[in-house]
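**Q** So the sequences go chain by chain: S and P.
Read in order, the letters of the first sequence are residues 330 to 910 in this note's numbering.
Read in order, the letters of the second sequence are residues 330 to 910 in this note's numbering.
Bear in mind the hints are in silico, worked out from the structure with no lab data behind them.
Hints are supplied without guarantee of correctness; some may be wrong.
Put simply, identical chains are the same to the list, so a pair is met inside one copy or across any two.
To be verified - With a Cα cut of at most 30 angstroms, we get these calculated BS3-like pairs of lysine-lysine:
1) Lys589 with Lys683
2) Lys761 with Lys426
3) Lys426 with Lys341
4) Lys341 with Lys362
5) Lys646 with Lys583
6) Lys426 with Lys362
7) Lys583 with Lys828
8) Lys417 with Lys362
9) Lys758 with Lys905
10) Lys758 with Lys417
11) Lys773 with Lys362
12) Lys828 with Lys459
13) Lys646 with Lys683
14) Lys878 with Lys828
15) Lys680 with Lys905
16) Lys459 with Lys878
17) Lys417 with Lys620
Owing to the predicted nature of the structure, the values given are computational and were not obtained by experimental measurement.
Protein chains: 2
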Amino acid sequence: MKASQFFIATQKEAPADAEVVSHQLMMRAGMIKRLGAGIYNYMPMGLRVIRKVEAIIREEMGRAGAVEMLMPVVQPAELWQETGRFDKMGPELMRVKDRHGRDFIIQPTSEEVVTDVARQELRSYKQLPKNFYHIQTKFRDERRPRFGIMRGREFTMKDAYSFDRNPAAAAKSYETMFAAYKRIFDRFGLQYRAVAADTGAIGGDLSHEFQVIADTGEDAIVYCPTSDYAANIELAEAVALSSERGAATQALTKTATPGKSTCADVAVLLDLPLAQTVKSLVMATDEVNDKGDIVGSTVWLLLLRGDHDMNEVKVGKVEGLKGGFRFATLGEIEDHFGCKPGYLGPIGLKKPVKVIADRTVANMADFVCGANEPDFHLTGVNWGRDLPEPDLVADIRNVVAGDPSPDGQGVLAIQRGIEVGHVFYLGTKYSKAMNATFLDETGKPAHFEMGCYGIGVTRILGAAIEQAHDARGIVWPDAIAPFTVAICPIGYDRSADVKAAADALHDELQAAGIDVMLDDRGERPGAMFADWELIGVPHRVVLSDRGLKEGQLEYQGRRDAAATKVPTGEVAAFVKARLQA
Amino acid sequence: MKASQFFIATQKEAPADAEVVSHQLMMRAGMIKRLGAGIYNYMPMGLRVIRKVEAIIREEMGRAGAVEMLMPVVQPAELWQETGRFDKMGPELMRVKDRHGRDFIIQPTSEEVVTDVARQELRSYKQLPKNFYHIQTKFRDERRPRFGIMRGREFTMKDAYSFDRNPAAAAKSYETMFAAYKRIFDRFGLQYRAVAADTGAIGGDLSHEFQVIADTGEDAIVYCPTSDYAANIELAEAVALSSERGAATQALTKTATPGKSTCADVAVLLDLPLAQTVKSLVMATDEVNDKGDIVGSTVWLLLLRGDHDMNEVKVGKVEGLKGGFRFATLGEIEDHFGCKPGYLGPIGLKKPVKVIADRTVANMADFVCGANEPDFHLTGVNWGRDLPEPDLVADIRNVVAGDPSPDGQGVLAIQRGIEVGHVFYLGTKYSKAMNATFLDETGKPAHFEMGCYGIGVTRILGAAIEQAHDARGIVWPDAIAPFTVAICPIGYDRSADVKAAADALHDELQAAGIDVMLDDRGERPGAMFADWELIGVPHRVVLSDRGLKEGQLEYQGRRDAAATKVPTGEVAAFVKARLQA
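Okay, chain S solo, but in the shape it has when bound:
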């Protein structure tokens, strides 16, 4: 490919609304162009990356036995009504009426359509397992689209759906996809982690996110550097920080803490470690009758160590809170504690509440908590002596770096990641809702066991850039770079020798199957180099009259500090040797 046959549209400045570096660099490199909020044109330079990402996905999905099809963007509402998602999903599901007033949706995913295909096409257990996937335009009407294509409204996703005869077979399909995803992300050349994720109401442990590591990532990834353990922050298990409760050594004492309504302030005032304090969070659950009216509420007191944060997903799994919970109202708090937030604690309640202690809190002794009296805290608090044992002990906090790994193999570390893939065991959620069955070995109808497997194709671009960039621009891995090698001839439009040598090298590399770009625009060297560094092409060869006279060209990898001189005749072999496998 030559630049004159392509479209290069680099810019000096990123637009003001580009908040994150990947958005800024994609705009500057001319890879995307904004059309509306969260809606982008993929310019030729960006589309090349997408196509390479898609090609790798296709190859590995095919290798894993998945079959590609194409499901429509505009889907009839009827199917979405069968699963209830037409009504349940919020405004991020874009709804549209056709000329006859019939309801349709613009697909955000395709569970309903693929389940409809399966219930018609997969009639016998003999046709199973089957895994259908497509790579298609998706739309989610995000409330606040941002970060360029990282949280856009229209995007390209690969979504695959497996159909199996029983949970054991579904687990096997899941493992097959998990392995395929590892190959896919390995081939992208990105640093990533497959982390265990919450399975929600489905249960089990068959849910993993594929997170591209990046300091700017929105997600916290918990992992153990000395073992295989990896999970997202919602799921990562927090063990008790002491294996058993210490003995009481202090007397229960009410202490004035005027104006000190946070654990941190109290710890400073009393000159105690923050880890000696306990914070009180008050939640409520509602009992609802058949008509949907609230007929009663229960108040819950959650106790966490002062330096720990509540994990809402974990709280939502505690018995009694599974059906949904909310923060208690100020009225409920005053009614039960006789005190405003800031000085709450488990001792001296006006009305009984259910007390849930985090595992770590349950093993604390001589701790500090609110006195249920404004401007007072209690110190030297001890379970059993000063207050009854908690109603429940549960893991309700986020892990923090340094926590013991739940597998006992070391301590946990935390890094940031960007979720670009997700493999998930769906069970019979959709097949039951849509009564999608096959005839099993006994000739009886059985519901499909399903899994779904997504990769955010366009999101990969943003994640890759967040992971690897520098002051000069993007640093693509070879496998998904828009071009693998940029040939930059100095004086292409002036020197016949340079032109001949550049053309010959271009043809030689291209014939060798290398995706090469020859910059024949005749730009001056500085501008030309800056463009290809901004665009992030991983390998560059510079030709000049002087170099040719000396029998040398200059090679520089995008991550290299300096150029390497290479004898003219050896350049192709040198470049090939530098390409990542």
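Using the hints provided, position chain P relative to the given structure of chain S.
**A** Below, chain P alone, put in the same frame as chain S:
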């Protein structure tokens, strides 16, 4: 590829709503699956054809210097309001509101978006010519979707848009695309014609449709077998069938023709050739004031030979009718002719009308027409003697087979076609509406000269099947067949020899870059052969134990009447030799 890794879903019966053969065969071959009216899933077998069509298009578009990008499916209404199409387009433009109530459309084409890209990105004449294209999902909310994917609502289209500095350069871009389209359709292996088409308000002669020849096609293609002339029926010029008017030989006579209100009936009654009769069609145009109120109307009498049909497109180009016309009302007709339709004619009018004679009618003598009196016609009618010369003489009819070719090189023939591609010179229609300019050689802003170039990717599938099928199923050309070669082993699951030979042949052909399908399902021969004939794979190799013992396999091309025995060792070479270039 092996069948066990793929998804084959043939059906014995087509659904009742499949009216045309391509729809029936695509459903039966398991290529598409209906999701809603005019909305289809592309099943794995159908998607393979789409991907092959797309690959050919991409290669040839790239060769012609067009650059691929990707424009969004959901597009902000603002751009469509700039060109007025948001309001002007009917309900086939699907409109949708986002969560904030802002208007969007689901793209039917992308002129607005690409022009918006160009006005921002193409700033100088030095960046021209430029041709951007994308292959993307389109939606048109057809009033009556039918014929499967031939007139679906959601479909895939390749649309390209060229930007040039002046009309001469735009014409060059047009020629480049025209040549690329010829290469594309040649490579598809389809019989097609590039036919001149109407340019509407743009004018000029830069509009061609690419029509796939098929007896079932909706469009009539006019061509001259002995010259290059080809045009669609709307455009094809109808010359006068006699070069000059004959002399009057008969007296004007009023003849009773009771109940004979059509030319055909009159000709039979009077025992005259139909070509001696003239039919009268009454049109009207309205004069409208600034407020849009109709302030006056003009009635037009169109005269056509009794065996000719009116061409509305041509009528719309006649001076005075260009602004739009309609059929006259019964009231207007009675008011001007004093007679109901069926016996109308140009003689003895109650009020003056504008008379337009088709070129052929203008040269007729002694003709027959209505007498403007119920149940009476006039015979022996002659221009000049019995009525004044027509106000206008124009080409207002469809050509018929046997008409002289307008290039004087022979006579015209007509065949049916299916429009699958269109190249069109747009001029400055969109660039002016959106004020899309570049700086020309003098440093002044100038509007882009544009062209647009579409190929209905999914429609190609239907058209190819309409063109080539038989009682057993589809007959694909090699280039776009879902698989090029089907290996059908008899007893794959029973005979180790058959399995080994089939696997070896599969691997050999695959290694040679041939798209081969090995049917390893273990189906009985009849069902297996029927499947691949229905699916339309162009080359088949059958292996059996008996054949292997004799050292022979059977090859049969999809169009061949019988199989050919081929020595085992020569099969690969034999198949390769049979592949279309």
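**Q** Against each hint, give a clear statement of whether it holds in the structure.
**A** How the hints compare with the structure:
1. For the identical chains of this complex, Lys589 and Lys683 are intra-copy neighbours only, at 26 angstroms inside a copy versus 97 angstroms across copies, given an alpha-carbon limit of 30 angstroms.
2. Taking the shortest alpha-carbon separations for Lys761 and Lys426, only the intra-copy value of 27 angstroms comes in at or below 30 angstroms, while the best inter-copy value is 32 angstroms.
3. In this assembly of identical chains, Lys426 and Lys341 lie within 30 angstroms of each other by CA distance neither inside one copy nor across copies; the values are 43 angstroms within and 35 angstroms between.
4. Taking the shortest alpha-carbon separations for Lys341 and Lys362, only the intra-copy value of 15 angstroms comes in at or below 30 angstroms, while the best inter-copy value is 49 angstroms.
5. For the homomeric pair Lys646 and Lys583, neither the shortest alpha-carbon distance inside one copy (34 angstroms) nor that between copies (98 angstroms) is at most 30 angstroms.
6. In this assembly of identical chains, Lys426 and Lys362 lie within 30 angstroms of each other by CA distance both inside one copy and across copies; the values are 29 angstroms within and 22 angstroms between.
7. For the homomeric pair Lys583 and Lys828, neither the shortest alpha-carbon distance inside one copy (86 angstroms) nor that between copies (86 angstroms) is at most 30 angstroms.
8. For the identical chains of this complex, Lys417 and Lys362 are inter-copy neighbours only, at 27 angstroms across copies versus 33 angstroms inside a copy, given an alpha-carbon limit of 30 angstroms.
9. Taking the closest pair of Cα atoms, Lys758 and Lys905 never come within 30 angstroms of each other, the shortest separation being 50 angstroms inside a single copy and 49 angstroms across copies.
10. For the identical chains of this complex, Lys758 and Lys417 are intra-copy neighbours only, at 15 angstroms inside a copy versus 45 angstroms across copies, given an alpha-carbon limit of 30 angstroms.
11. Taking the closest pair of Cα atoms, Lys773 and Lys362 come within 30 angstroms of each other only across two copies (26 angstroms); inside a single copy the shortest separation is 54 angstroms, beyond that limit.
12. With identical chains, the CA atoms of Lys828 and Lys459 are at most 30 angstroms apart between copies only, with a shortest distance of 24 angstroms across copies and 53 angstroms within one.
13. Taking the closest pair of Cα atoms, Lys646 and Lys683 come within 30 angstroms of each other only inside a single copy of the chain (15 angstroms); across copies the shortest separation is 84 angstroms, beyond that limit.
14. Proximity of Lys878 and Lys828 under a CA criterion of 30 angstroms is satisfied intra-copy only: 14 angstroms inside one chain copy versus 61 angstroms between copies.
15. Neither within a single protomer nor between protomers do Lys680 and Lys905 lie at most 30 angstroms apart by alpha-carbon distance, with minima of 75 angstroms and 87 angstroms respectively.
16. Neither within a single protomer nor between protomers do Lys459 and Lys878 lie at most 30 angstroms apart by alpha-carbon distance, with minima of 61 angstroms and 37 angstroms respectively.
17. Taking identical chains as interchangeable, the C-alpha atoms of Lys417 and Lys620 lie at most 30 angstroms apart only when both belong to the same chain, with a minimum of 18 angstroms there against 48 angstroms between chains.
Hint check: violations occur at hints 3, 5, 7, 9, 15, 16; the rest are consistent with the structure.
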